[in-house]
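Using the sequences and the hints given, assemble the complete structure.
For the sequence shown, full-length UniProt numbering assigns the number 352 to the last residue and increments by one with no breaks.
There's no promise every hint is true.
Here are the simulated PhoX-like pairs of lysine-lysine, each with C-alpha atoms no more than 20 angstroms apart in a straight line [stated by the list, open to error]:
#: 1; residue 1: K304; residue 2: K74
#: 2; residue 1: K331; residue 2: K93
#: 3; residue 1: K58; residue 2: K93
Since the hints were derived computationally from the structure, they do not count as laboratory data. Treat the numbers as computed from the prediction; the structure is a model and nothing was measured.
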Amino acid sequence: MFDERALASLLEQIIVEPFQQSERQTHAQAVDAAWPEPSPGRREIAPKERHRLHSMTKTWRQSGGVRGFGIGEKIAGAQRTNDLAIRIYVEQKQPISALAHPVPSTLELPDFGTIPTDVVEIGRVVAQLDTRRYRPALPGCSIGHWESTAGTLGCYVRKRGDPTRTYILSNAHVLAINGSGFGMPGDPIVQPGPLDGGRRPHDIIASLAELCPIDFTMPNLVDAAIAEVIDPTVVTTLTARGGPVAAGSIVRTPRRGTMVQKFGRTSDYSVAEILDVNAILETDYETPHGTKKALFTNQIVCTKCSDAGDSGSLITTLTGRPVGLLFAGSKAITVANRISDVLSALDIDILR
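Structure, rendered in structure tokens:
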């Protein structure tokens, strides 16, 4: 059994950091350039070896519709085994004969030796019905920027050190993307979302306060934003089922095999199993300027438990401990930011 965190770090060095460099340097310069500063305690691999491995993964992405990488139990004959493998997530599996650069069955990696690979079909990953008007506005209900469509109200939060103001937590692409791009602080947020009939001024419950902009040229950790609540009577920590949306401390180290739950605008209540906790995935975003791809690292992949409109849902364990913020999905999986990354990025805590 190998160290999964170390392997996840190695994958990040191979896939993500050369991607960062390529935004600033030519291909020839990148081979010999100084790489980004390492994380504390991280085992660095030689730049030339790193470049070789990155070039190899790049050919797969160009040849076979690869959308991401992760770590998980290898699936053989539709059965999950006990052998850990490097997962290569693809939109659609193709015959090896149709690929110019097929994924090898194993990889030789520095310090790890031979590790099996597993090609997993997930479909197209895109940023994703309780459409009624709620007062108070329940976690899991429809919400959105007044010029957008509709997503899900994840939960209520407060800025650390400021107990006087309450905010809504959801995705940036739910609260902060309008018809021309990213919105501005102070923009109205309506419940239900505009796609579900929400309009100004009758349905305004909050105003956009802060967002983590989605970068389409550099890797991202979170797709998140907060909106300040205008009327405190809309705030509730209960779901449509009457229980708390969050209970207990957050899960800082999610584990594969954990069963999780969520309340969302489209698919309501659903349960899923965590499959991957170190995924690196490309996600498609529909923008006013067409479809754009954004790369996300350190992501949680679950069995499918969402549909379009569920973006922004808070994912918790079955006992209510917050695990992640749902932001994307496909025909086969649901993807979430780690909740620890979201809370840290916005300097917030969940209201309970």
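Results for each hint:
1. Using a Cα cut-off of 20 angstroms, the hinted pair K304 and K74 holds, with the two alpha carbons roughly 18 angstroms apart.
2. At roughly 14 angstroms between alpha-carbon atoms, K331 and K93 fall within 20 angstroms of each other, so this suggested pair holds.
3. This hinted pair checks out: K58 and K93 have alpha carbons roughly 17 angstroms apart, not beyond 20 angstroms.
Of the hints listed earlier, there is not a single one the structure fails to meet.
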